[in-house]
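Residue-level listing of the chains:
2 protein chains.
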Amino acid sequence: MTTSEKGVCAPKGFRTAAAAAGIKKPDPDRLDCALIVSEAPATVAGVFTTNVVHAAPVRYCREVCSGGVARAVMVNSGNANACTGEQGYADTLKTAEIVANLLDIPPEQVCVSSTGVIGVPMPMDRLEQGIKQCAAGLSDASGPDAARAIMTTDTVPKYCSVELPLTQGTVRIGAMAKGAGMIAPNMATMLAFITTDAAIEAPLLQHMLREAVSRSFNCICVDNDMSTNDTVLCLANGLSTISVAPDSPDCARFAAALEDVCVSLAQALVRDGEGATKFVAITVTGAANDADARTIAAAIAKSQLCKTAFYGQDANWGRIAAAAGYSGVVFDPTRLDLYIQGVHVLAAGQPTAYSEAEVQESMKQPDIDVTLELHDGTGAATFWTSDLSQEYVAINADYRT
Amino acid sequence: MTTSEKGVCAPKGFRTAAAAAGIKKPDPDRLDCALIVSEAPATVAGVFTTNVVHAAPVRYCREVCSGGVARAVMVNSGNANACTGEQGYADTLKTAEIVANLLDIPPEQVCVSSTGVIGVPMPMDRLEQGIKQCAAGLSDASGPDAARAIMTTDTVPKYCSVELPLTQGTVRIGAMAKGAGMIAPNMATMLAFITTDAAIEAPLLQHMLREAVSRSFNCICVDNDMSTNDTVLCLANGLSTISVAPDSPDCARFAAALEDVCVSLAQALVRDGEGATKFVAITVTGAANDADARTIAAAIAKSQLCKTAFYGQDANWGRIAAAAGYSGVVFDPTRLDLYIQGVHVLAAGQPTAYSEAEVQESMKQPDIDVTLELHDGTGAATFWTSDLSQEYVAINADYRT
Chain H
4 MTTSEKGVCA PKGFRTAAAA AGIKKPDPDR LDCALIVSEA PATVAGVFTT NVVHAAPVRY
64 CREVCSGGVA RAVMVNSGNA NACTGEQGYA DTLKTAEIVA NLLDIPPEQV CVSSTGVIGV
124 PMPMDRLEQG IKQCAAGLSD ASGPDAARAI MTTDTVPKYC SVELPLTQGT VRIGAMAKGA
184 GMIAPNMATM LAFITTDAAI EAPLLQHMLR EAVSRSFNCI CVDNDMSTND TVLCLANGLS
244 TISVAPDSPD CARFAAALED VCVSLAQALV RDGEGATKFV AITVTGAAND ADARTIAAAI
304 AKSQLCKTAF YGQDANWGRI AAAAGYSGVV FDPTRLDLYI QGVHVLAAGQ PTAYSEAEVQ
364 ESMKQPDIDV TLELHDGTGA ATFWTSDLSQ EYVAINADYR T
Chain C
4 MTTSEKGVCA PKGFRTAAAA AGIKKPDPDR LDCALIVSEA PATVAGVFTT NVVHAAPVRY
64 CREVCSGGVA RAVMVNSGNA NACTGEQGYA DTLKTAEIVA NLLDIPPEQV CVSSTGVIGV
124 PMPMDRLEQG IKQCAAGLSD ASGPDAARAI MTTDTVPKYC SVELPLTQGT VRIGAMAKGA
184 GMIAPNMATM LAFITTDAAI EAPLLQHMLR EAVSRSFNCI CVDNDMSTND TVLCLANGLS
244 TISVAPDSPD CARFAAALED VCVSLAQALV RDGEGATKFV AITVTGAAND ADARTIAAAI
304 AKSQLCKTAF YGQDANWGRI AAAAGYSGVV FDPTRLDLYI QGVHVLAAGQ PTAYSEAEVQ
364 ESMKQPDIDV TLELHDGTGA ATFWTSDLSQ EYVAINADYR T
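Here the protein sequences come in this chain order: H and C.
Here the first sequence is numbered in the numbering used here, starting from 4 and rising by one per residue.
Here the second sequence is numbered in the numbering used here, starting from 4 and rising by one per residue.
Don't take each hint at face value.
One copy or two, it doesn't matter: identical chains are merged, so the pair holds either way.
Stated by the list, open to error - Below, computed lysine to aspartate or glutamate pairings styled on EDC-like, alpha-carbon distance capped at 20 Å:
id, residue 1, residue 2
1, 28, 131
2, 135, 111
3, 367, 401
4, 28, 359
Calculated directly from the structure, the hints in this document are not laboratory data.
Whenever a hint applies, use it, and build me the whole structure from the sequences.
Given below as structure tokens:
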């Protein structure tokens with residue numbers, strides 16, 4: 004598997020463009036519109052926020068996905084179009100219509116996605132200018148720019164692509180994502196757009212996307228807050244002429260590659276988490292089942308006290324054990340083994356004679372590994388989380404004002 | 004109802020003492036042992052952490068409470084006696100035995116409670132010296148000192164008392180509590196000790212205590228982390244000679260007073276929350292039922308993004324609506340009314356034409372009120388939470404090291 008710098012344009016027949024439309028405020032240097040277009044109709048799958056309070060484009064994209072076909076995705080940053088009522092929904096429909104007219108495609112095949120401030124009406128005149136610029140500037144070299152245009156508090160653009168040799172030939176998967184705050188473990192708070200030139204029927208694509216998301220974007224945590232706009236879309240345009248059929252060896256290979264792409268971007272989101280100075284992998288093994296392992300890993304990944312300890316480079320296993328203990332999963336604490344940076348700090352629920360200095364030194368690394376073994380079965384799961392720093396607080400106390 | 008400064012010594016027949024035993028580290032100025040003694044055997048009720056990983060004294064106190072009678076409570080700060088294995092439990096039994104021998108009472112009537120660092124063996128020799136000092140110094144004027152001795156990261160001692168006129172005469176309730184971090188909404192992370200000279204059978208006392216805790220200590224939130232040591236104990240020694248019988252008017256009055264005492268201390272815990280600069284009351288009304296209202300209020304109270312916005316004095320209703328939306332309760336967001344500091348900021352799910360400057364000015368107050376009306380029924384609940392400040396992160400990144 005190789006990666007290229009083309010992002011969502013790596014697969015055949017996808018072009019993109021970015022524009023600075025001043026959605027949040029006029030700034031000619033800040034890209035805030037991105038358009039992805041497929042030459043041919045693509046099957047489409049989507050996974051969305053489960054928040055009751057969801058944005059107009061989420062409601063709209065669910066409908067596009069239920070149709071199973073898409074040609075384009077229009078994304079803006081700077082305005083989430085959430086809590087904007089029926090006007091917000093009308094603005095989303097209007098956005099799709101503008102794109103459709105410019106590209107001469109059916110409006111019901113245009114996905115729309117928004118991220119940014121909640122509760123502010125979408126500035127449709129400025130957005131329309133941005134859409135026009137994008138439609139006029141489509142190219143297969145704009146993947147990185149598009150990834151930049153969907154950023155909000157992100158500090159780096161996130162995109163990747165892979166080439167995947169299958170039985171009949173090679174297909175490509177490209178992707179980009181954004182999200183640095185409002186990252187919660189149940190449908191991570193972010194936007195991600197994935198393209199592929201494989202030919203995949205919509206139901207299979209939906210199934211594979213949902214599985215991949217459950218082990219990637221739904222296993223990360225920055226601040227436990229689930230956004231109103233979370234969206235992962237995957238478009239498969241078939242232009243490689245290589246088909247991925249259900250239950251074939253190629254299907255398993257494609258699903259694994261899709262999961263790799265999602266995990267790679269999910270980890271990039273955590274690394275760029277607001278104020279993050281650490282990237283922490285929490286692995287739980289030996290649980291009664293995978294769901295229990297996941298629940299415990301999530302509790303630790305979400306714990307403010309664990310996250311501040313990671314920030315403080317403190318091997319505070321007491322907080323980790325306490326978070327596992329309140330996760331809701333019943334386990335025997337006297338059988339708990341805990342490893343921090345590979346050092347066995349807790350054996351059968353009690354501290355070992357480990358060297359505190361050694362572990363602390365090791366926690367100065369930007370990457371921290373925490374592993375819990377419950378000795379109760381074969382269930383396992385990994386969550387990725389950031390630490391909680393003073394910088395996080397500063398960023399979020401000042402966000403709107 | 005009047006309050007006095009005597010804390011747990013306000014009811015007849017309760018004496019207390021505090022000592023500096025150097026449990027965590029030698030410091031002659033830091034009180035870290037407190038002993039509460041009742042002249043006569045008291046009925047006892049307890050509510051404890053639901054954490055699977057719980058401390059030895061929690062396991063032990065559950066047994067004392069199942070016996071229904073207690074004469075004394077021995078508390079230490081500086082060491083939680085959690086994750087200390089069978090030795091930890093043996094140390095707790097030994098603590099009760101030392102107290103029992105000194106006071107000439109049955110050891111199974113001695114409650115033991117600990118708070119502090121997890122995973123460190125209890126220094127029994129130093130604790131024994133502390134117990135001896137306490138047993139020799141019992142008085143009815145040491146309530147404030149005892150409240151000071153159970154503090155960890157608390158910055159102020161928390162105690163209160165009330166006199167309650169009942170049909171046959173006056174009874175008194177006294178109480179003290181500690182806790183500033185590891186405060187979670189499901190069995191708050193803290194210790195609280197309540198005394199009364201009313202005569203109340205143990206089952207009724209247990210029922211009233213559980214009810215009071217559910218609407219006080221279980222409705223507060225500082226950092227969502229549930230501790231291994233949460234304990235609320237209530238001792239009723241009957242020395243007022245006034246009985247509180249089940250289903251009597253006095254019973255309702257006593258239950259209300261007990262809840263008032265618990266709410267008062269619970270609010271004091273939030274006000275003294277680690278790094279807290281704001282005291283925020285989250286009230287949800289118009290929910291389908293009280294449980295739904297509670298779930299939504301808890302989600303907002305726990306949200307890192309809401310808490311940083313409170314810190315930033317930012318009327319960020321988008322984050323509040325988003326937290327309500329992911330709480331798990333299904334409601335109609337287009338009927339949501341939201342008030343911040345009494346200002347109607349969201350009507351039927353959309354922003355009103357309120358003055359941002361006015362609300363921001365009002366949020367400079369240390370107390371912030373947030374009210375959500377769902378227009379879906381008569382369910383209501385209030386949660387109390389602190390803000391999330393950079394100081395919180397500094398405190399918890401540095402706690403152990």
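Checked hints:
Taking the shortest Cα distances, residue 28 and residue 131 sit within 20 Å of each other inside one copy (15 Å), while across copies they are farther apart (67 Å). In this homomeric assembly, residue 135 and residue 111 come within 20 Å of each other (Cα to Cα) only inside a single copy, at 19 Å, whereas the closest approach across copies is 80 Å. Only between protomers do residue 367 and residue 401 lie at most 20 Å apart by alpha-carbon distance; the minimum there is 14 Å, versus 28 Å within a single protomer. Taking the closest pair of Cα atoms, residue 28 and residue 359 come within 20 Å of each other only across two copies (18 Å); inside a single copy the shortest separation is 50 Å, beyond that limit.
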